[in-house]
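Asks: Sequence:
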Amino acid sequence: IEESEYQQQKITRAQYVMVGQLCVAKGWRGHGLVAAMYQYFRQQYAQQFLYCCTDVSVQNERSLKAHHRCGFQDINTLQYGGEAWRIVLWPWRGAAK
334 IEESEYQQQK ITRAQYVMVG QLCVAKGWRG HGLVAAMYQY FRQQYAQQFL YCCTDVSVQN
394 ERSLKAHHRC GFQDINTLQY GGEAWRIVLW PWRGAAK
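With the sequence shown counted from 1, adding 333 to any position gets you this note's numbering.
If you're looking for bench data, these hints aren't it; they were derived computationally from the structure.
Any given hint might turn out to be false.
Derived SDA-like pairs: lysine to any residue, alpha-carbon spacing no greater than 25 Å straight-line [what the hints assert, rightly or not]:
1) Lys398 - Ser337
2) Lys359 - Gly404
3) Lys343 - Lys359
4) Lys343 - Ala369
The task is simple: from the sequences and hints, build the whole structure.
Replies: Below, the structure written as structure tokens:
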């Protein structure tokens with residue numbers, strides 16, 4: 334993840350926060366909770382961090398779509414635990430969302 338780049342610079346050159354796995358119970362999916370949680374997270378931490386990053390399994394298309402709707406962009410893919418993971422980054426400052 335630390336080798337990932339955004340706008341031709343390693344993300345480690347900026348202040349960023351790395352979010353662990355975000356899980357929503359099946360019965361609550363599709364209710365906008367992912368967006369609400371990330372918006373709250375942004376409100377709390379955008380003054381301290383330039384970017385928010387996380388990784389999402391490429392097999393989890395629903396989660397990837399939810400992250401993209403929030404404003405995350407794909408910046409890299411890596412392999413671990415026997416599967417591929419997409420590294421996604423949400424630029425907080427100067428971003429529309």
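Asks: Now look at each hint and say whether the structure bears it out.
Replies: Here is how each hint holds up against the structure:
1. Lys398 - Ser337: holds (20 Å)
2. Lys359 - Gly404: holds (23 Å)
3. Lys343 - Lys359: violated (35 Å)
4. Lys343 - Ala369: violated (28 Å)
Of the numbered hints stated above, those contradicted by the structure are hints 3, 4, listed in ascending order.
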